[in-house]
Amino acid sequence: EDKVVQSPLSLVVHEGDTVTLNCSYEVTNFRSLLWYKQEKKAPTFLFMLTSSGIEKKSGRLSSILDKKELFSILNITATQTGDSAVYLCAVTTSGTYKYIFGTGTRLKVLA
Amino acid sequence: IAGITQAPTSQILAAGRRMTLRCTQDMRHNAMYWYRQDLGLGLRLIHYSNTAGTTGKGEVPDGYSVSRANTDDFPLTLASAVPSQTSVYFCASAPEHRADEQYFGPGTRLTVT
Numbered sequence: 001e002d003k004v005v006q007s008p009l010s011l012v013v014h015e016g017d018t019v020t021l022n023c024s025y026e027v028t029n030f031r032s033l034l035w036y037k038q039e040k041k042a043p044t045f046l047f048m049l050t051s052s053g054i055e056k057k058s059g060r061l062s063s064i065l066d067k068k069e070l071f072s073i074l075n076i077t078a079t080q081t082g083d084s085a086v087y088l089c090a091v092t093t094s095g096t097y098k099y100i101f102g103t104g105t106r107l108k109v110l111a
Numbered sequence: 001i002a003g004i005t006q007a008p009t010s011q012i013l014a015a016g017r018r019m020t021l022r023c024t025q026d027m028r029h030n031a032m033y034w035y036r037q038d039l040g041l042g043l044r045l046i047h048y049s050n051t052a053g054t055t056g057k058g059e060v061p062d063g064y065s066v067s068r069a070n071t072d073d074f075p076l077t078l079a080s081a082v083p084s085q086t087s088v089y090f091c092a093s094a095p096e097h098r099a100d101e102q103y104f105g106p107g108t109r110l111t112v113t
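From first to last, the protein sequence lines stand for chains F and U. Here this note's numbering is used: position 111 in the first sequence is 111, and no number is missing along the way. Here this note's numbering is used: position 3 in the second sequence is 3, and no number is missing along the way.
Hints in this document: simulated from the structure, not taken from any laboratory. Relax, there's no trap hidden among the hints.
With a Cα cut of at most 16 Å, we get these calculated EDC-like pairs of lysine to aspartate or glutamate: (1) F:LYS67 with F:GLU26; (2) F:LYS37 with U:GLU101; (3) F:LYS108 with F:ASP17; (4) F:LYS56 with F:ASP66; (5) F:LYS98 with U:ASP100; (6) F:LYS68 with F:GLU26; (7) F:LYS108 with F:ASP83; (8) F:LYS67 with F:GLU55; (9) F:LYS37 with F:ASP83; (10) F:LYS56 with U:GLU101; (11) F:LYS98 with F:ASP2; (12) F:LYS41 with U:ASP38; (13) F:LYS108 with F:GLU15; (14) F:LYS40 with U:ASP38; (15) F:LYS98 with U:GLU101; (16) F:LYS98 with U:GLU59; (17) F:LYS98 with F:GLU1; (18) F:LYS98 with F:GLU26; (19) F:LYS3 with U:GLU59.
Far from chain U, by Cβ distances over 12 Å, these chain F residues were calculated: (20) PRO8; (21) HIS14; (22) LYS57; (23) ARG60; (24) LEU61; (25) SER62; (26) GLU69; (27) LEU70; (28) THR77.
The C-beta atom is built at its ideal place from N, Cα and C for all residues, glycine as well.
Only chain F is shown next, with the shape it has when bound in the complex:
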């Protein structure tokens, strides 16, 4: 059965800390892995990864994919209270189209 597992389930840090969020997956016909940030309402797109070892960066956020070990990490450096959110990982497949989300990591950044 296809699945996406995120860890930890939740995390509390202080401003300025660096955090690493994990996403592992088991799917047939992997196509891409995506990260989203969900605050109060709709998820917002962060990154899409398709190739191993190529880091994507946006400001203090970065992400990398390992297709051999079937996981991705999302790093946030110098965290701010505005980074508090649920971070969602999703994997898509080709062939039979699937878009599978993990249940998310809830990050709380304390001032």
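Dock chain U against chain F, hints included.
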């Protein structure tokens, strides 16, 4: 309109009633999607449409139907609502050639009593 909108924002519905959730985007995105989000289960794909005139089933399609008559609109219909369909429903769209990079609407909170 800028982006993707959904209506209504929230709704309480009696079991057995028919309900259509509306989704409209003005970004000329080809692909559109419907998800439900439930505590502990995350987001699950209900139906999708790669382009106007085509639709496909996602992970949890039973009890739901969709249509895609044009590029902008992708309504989701519950023919006869049941309490297990109580959820937050998100519509999303994605541009051509980047179909996995989805942009989400604000959601509809539906309660079936």
